[in-house]
Amino acid sequence: MSSNDHSNVKSHWHRRLLEGKSAIFAVAVTVGISVGGLVEIIPMYTVAAGPEQLQGVTPYTPLELAGRDIYVKEGCYNCHSQMVRPFRDETLRYGAWSRAGEYQFDRPFQLGSRRIGPDLHRVGKKYPDGWHWEHMKDPRSTSPGSIMPPYPWLYEKTYDVADVQASMTALQTLGVPYSDADISGAGQALKAQSDTIVANLASTGATAQGNEEVVALIAYLQRLGVDSRAALDARDGG
Amino acid sequence: MSVEPQTTAAAMSAVDYDDAIVKKFIFATLLFGVVGMLVGVILALQLAWWPANLGLEWTTFGRLRPLHTNAVIFAFTGNFIFAGVYYSIQRLLKTRLFNDVLSNIHFWGWQLIIVSAAVSLPMGWTQGKEYAELIWPIDLSIAVIWVVFAINFFGTIAVRKVKHLYVAIWFYMSMVITIAVLHIFNNLSMPATILRSYPIYAGMTDALVQWWYGHNAVGFLLTTPILGLMYYFLPKSVERPVFSYRLSIIHFWALIFLYIWAGPHHLLYSALPDWSQTLGMIFSVMLIAPSWGGMLNGLLTLRGAWDRLRTDPIVKFWVVAVTFYGMSTFEGPMMAIRAVNSLSHYTDWTIGHVHSGALGWVGMAAFAMIYWLVPRLWKTTIHSPAAVTLHFWIATIGIVLYVVAMWSSGITQGLMWRAIDDAGQLQYPIFMDTVLELMPFYAIRLIGGTMYLTGMLMACWNILMTVRGAPASAAAARPATAK
Ligand code: HEM
Ligand code: HEM
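Protein chains in written order, with the working numbering: chain L, -12 to 225; chain B, 17 to 499.
Please keep in mind that the hints were generated in silico from the structure rather than gathered at the bench.
The reader is advised that the hints may include incorrect statements.
Covered by chain L, according to a simulated footprint, are these stretches of chain B (three or more residues, beta-carbon under 8 Å) [claimed, not checked]:
1) 139 to 150
2) 283 to 292
3) 355 to 365
In silico PhoX-like links for lysine-lysine, alpha-carbon gap of 20 Å or less [claimed, not checked]:
4) B:K179 to L:K8
5) L:K8 to B:K39
6) L:K60 to L:K8
7) B:K177 to L:K8
Virtual Cβ for every residue (Gly too), placed ideally from N, Cα, C.
Looking at chain B on its own, in the form it has when it is part of the complex (with noise of 0.2 Å):
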């Protein structure tokens, strides 16, 4: 049972690596994961019920959307990854961190960015720019702290041990890279006072630049590292080698070249010209290869490890997760196709497809990272693996009854926009008749948020208790277990 640490195949090494920056970023990890789908859940009740907007402007909607998407991808997910890409590179490189000082700033850094922004949106200091809504000061610390990052990590790599870059670290190298240029680049704009500034590009070139950076934000901190993680942390939970080298390698190439095309199809219909709008179909479409490559490669390291699935509940976190992202990634370039767009857009159905990437994928493959990485960072075990399964059973259902419900209210609510009578007059001409046909969706979903809110909760108790029940000596100087 892979929840019980392997000190049996600890070969020793004299690196000693540095856990204590991991250890921090899993803390915060789950700090803002509850604090994100808090937010989220609220959101959920807001629509569900108007006078949860409490009649106060830094609790209404508006503002709170951009906080739980702010939280939930930049938060919580970019912890996560940061958790993950340290503990990992030390192992696969067998060399510490490259300094210590700017683990520290990245750490340090990273929270007073968010605490910023958790204090800037409700206030509606923002750049209207979905994903993109921190304003210019907060961005251009992000910028500061990002390059302190990028020399850890690439300072890190430096210094290895092991000439070989594994698969996991050339997906975290796209993200570094990628995140870097996204993000100055859509950024780029005119301050007038100090809370507020206006992009270089206008109209529907600024739509443009702000879905190349969108759809890459997704692309690059929602899957590539997150790939990167799977292929360090997936073999390791069942003590396999990946199913395929070859195949990871034709699926990075061609996932990150294909992935920067795919902007436009957040434009499908808009006033952009029609080849882009062509090429981000095509190249949506497309993706779908790689993707599912890397689902595969994910999968069928299960090969023969199946057994596990049965009794190891991080197995089963890793599982939903991979074939989330295999679904979610299906289900994009469909609606990436203009027919399908043309009645998925502006619905709830894009809201169903977000959180079955954005739940199934990144917050299970989260749960599985930390619930096998938390008992080797203190040397103890789980405390409580049957809270594991059901902390399971609760996110899984919740993303279900989600999902569900975004799909149905998504599908009703398009076909009733565009119902057209006999007369050929619009069916249902009072735009608020197609919105109170949504209400039982809304409902059914705030139950399968709140589950997974639960689960969540659950996380973080489990993950306390172990810590405190840890060994003392696990905290004191120690050679780390090699991998």
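Just chain L, with the same shape it has in the complex (with noise of 0.2 Å):
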């Protein structure tokens, strides 16, 4: 006798009508598991309660843009998050809880899913433009024990315009407000932010040439929950 059969098994409605039948029964799932999704998904974009627009965020600059491309290149996300949560011991140790809108620049997000290293979603201006700079070459030199690796390659590739100004207009296409002068005029902008990180570095006795990816890197870092902090400091009372 098999194992497998349902010999036993009276015929039933659904035997009948699902189970005999594949393309009803394929038809049948694609309803199941549709349903959830589309009662989540849709709302993000019609409801009015959807992700709030939040006054002050701006678009990433070029540098933090490819600044932002590295953090995912190499894999960030997988130690550190950028969502604090509200709660006391969190807004004790990172800031104000983060909010809907100051990620609506953020293609891919990265909120993350693990803590192996702290959240970063408020580390703009934490720390000198040095210290990243150290940091990111030997995490021990200013975190003791420190379990993050070392990233001494950021402070020998350097960054591309030309890949810089294809993604502003990818992203353009997707409806971020970069214009046309934006793009065609990334390589300034490039070298007018770069130049000032180049400047505080020199000022803590670090020399760099500015089109390191180390560089953007920093731009980037720099920044996260800077626009917004002012804001909802003032909302939150810090």
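Join the two chains, each given in its own frame, into one complex according to the hints.
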């Protein structure tokens, strides 16, 4: 006798209607698995209470965008979250809890699901540029006992202007408000912003050219949570 | 002893089943099981001892972790599922697979995708979304190969000789359909270069779509197809019919309907709208019922055959697998309750939960199926039954070490993060203080993981020896045994 047949079962309606008719069965499965997703995802676009827009949050500058792409590429999200939860201990440790509007230009989102290292959503301006320069090269130099890996290659590889422009063009197509002038002028914008970081680094005795990947990464890290901090601090009282 | 093939039960049929494709998928399962778990062990070492990052960009934790998850989910689990599905649907429908060419395109296409993942992820070419890291050209190939699989699967159903679709097939079908839907919608994006693209969703919407995908990738790759395989191979292994047909109907429909709603439990206390978080939590808690329906149907199929638990290692593997399934589907709903999630989220507790499902349920089910299947496919007996039993114990102890270490580590760190002293200040303001506390647990996890990998290697050896010792005639054309 087979252990896998149901010959002892009387013929029920579902047996006739579903389990013998593969097409109907497949349609029923498709409907069954669609309901939940539709109910949850569609309101993100249609209901007014969908993701709020937050005043003062602007798109990433070309340098920050290049830095963000490096953040994604290196998989920093595997160890770092970017979502401060509304608990007393988290606001004490990191700062104001995270609002939906702060993420409006984040593609892909980088909320993360692990905190092997600390949350980074409020790390902007927490440390001077020179700290990040040292930390990314040798995390243990600034943070004794750290288990974060060192990233020496970020000091040798450089970002590429045309590559950043390609990213901006793709994002523009998706509706991010970059103007054509922003894209064609990306080269100057990259230069101007990296010069400030190079100057900051020089004041701490570090020499950078400005086109290293780590400079872009620093620009991105220093911008995290800064846009919205003033508005949020005022609203939450710290 | 069901390690022996039951040639007597083989009522001969005229159908010439395609077993060559099943064998290929089994070899791929073994190969990528070793690779994926080896990378897991390396990750565990890196967390316990950072110099293991080697100072090379290709081997840092941030790049290897996606390699591990993609390898174990899509390569190890994927190939294991395809092997089991292709073996069982032919027997259940009494027909050869729809099209041999499609079967082979499916096999080689899938392996090519895996190889391209193994190259691209260490290079840092990624979409930056968990379990959906692969870049858009690879995503397109996945879509194509999945469609090939779907045509082959539904084609086989179309030409079937048995009208009624057995429970296992319902579960497989839910995987074929749902994974296609999830994969396509979560990966919709705008390419910037051949290596980089940006999702059409932004911010919290991207997060919601991603976790709708992420949770259901767990649901429809690591859960439903394996339940389907359980419904075929577990009754085979103990030679008893499934406990309850009615229960299987109810828990199937409830499971696939409820699963889809649960995604937001990955975003509790985030900026996702409250109503969405609440839905995610409620549906997750409800998921206990259909999950345990499956567990009970599996365990109760063993009623009257419990004596085999002592003698037959395959039954041992199944019992542990189904038990861990029950455990992780109890733990998951608990972790989806906001109060519990406030402690568990972001910590190693999640990692413990993941691996009690992954090592306990997925892995042990894979070994149970493979140890049952290989002697039958090659018409021989397993090379070393003793090594099967040893594998069972090494793996089981390994899982327990892994999971208990992660629970302890997760709860320890979660409590330290939230500890506030009398003055209202953080008791552990220095983050590293909460990390250094975890090092002993990371060492124990490393030991547990290494044991599990050792078991995997033993399985490879045992199966290669079995195949080598198989009678040559088995390779020649033969009418396959019917079920
Ligand atoms: C020898 C066996 C294994 C070892 C040593 C191992 C180790 C690890 C480690 C160290 C991590 C990173 C944890 C962290 O972020 O702190 C991880 C993550 C993960 N592993 Fe494994 N693993 C093994 C087998 C498996 C298997 C067989 C599967 C699935 C079938 C699996 C699925 C996952 C998943 C999904 C994650 C990501 C979890 C998350 O993001 O929360 N692992 N593993
Ligand atoms: C009823 C069933 C289940 C429910 C309700 C459930 C619920 C949960 C919850 C609440 C989390 C933590 C999310 C967070 O805080 O970030 C989680 C994580 C996870 N679970 Fe489950 N779980 C279930 C079964 C399973 C099973 C059987 C497996 C598989 C093998 C599994 C694999 C995972 C994975 C891989 C993650 C980590 C996701 C990530 O953060 O990367 N779950 N689950």
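Now for the hints, and whether the structure bears them out:
A count of 7 residues in the region 139 to 150 of chain B with a Cβ less than 8 Å from any Cβ of chain L is obtained; the coverage claim is therefore met, three being the minimum. With a cut-off of 8 Å between beta carbons, the region 283 to 292 of chain B has 7 residues touching chain L; three or more are needed, and the interface restraint holds. Check result for the region 355 to 365 of chain B against chain L: holds, 4 residues qualifying (beta carbon to beta carbon below 8 Å, three or more required). Only pairs whose Cα atoms come within 20 Å are accepted, and K179 (chain B) paired with K8 (chain L) is accepted, the gap being roughly 8 Å.
Pair hint K8 (chain L) plus K39 (chain B) does not hold up; C-alpha atoms about 30 Å apart against a cutoff of 20 Å. Using a Cα cut-off of 20 Å, the hinted pair K60 (chain L) and K8 (chain L) is violated, with the two alpha carbons roughly 47 Å apart. A threshold of 20 Å between alpha carbons decides the hint, and for K177 (chain B) with K8 (chain L) the separation of about 13 Å falls inside it, so the pair holds.
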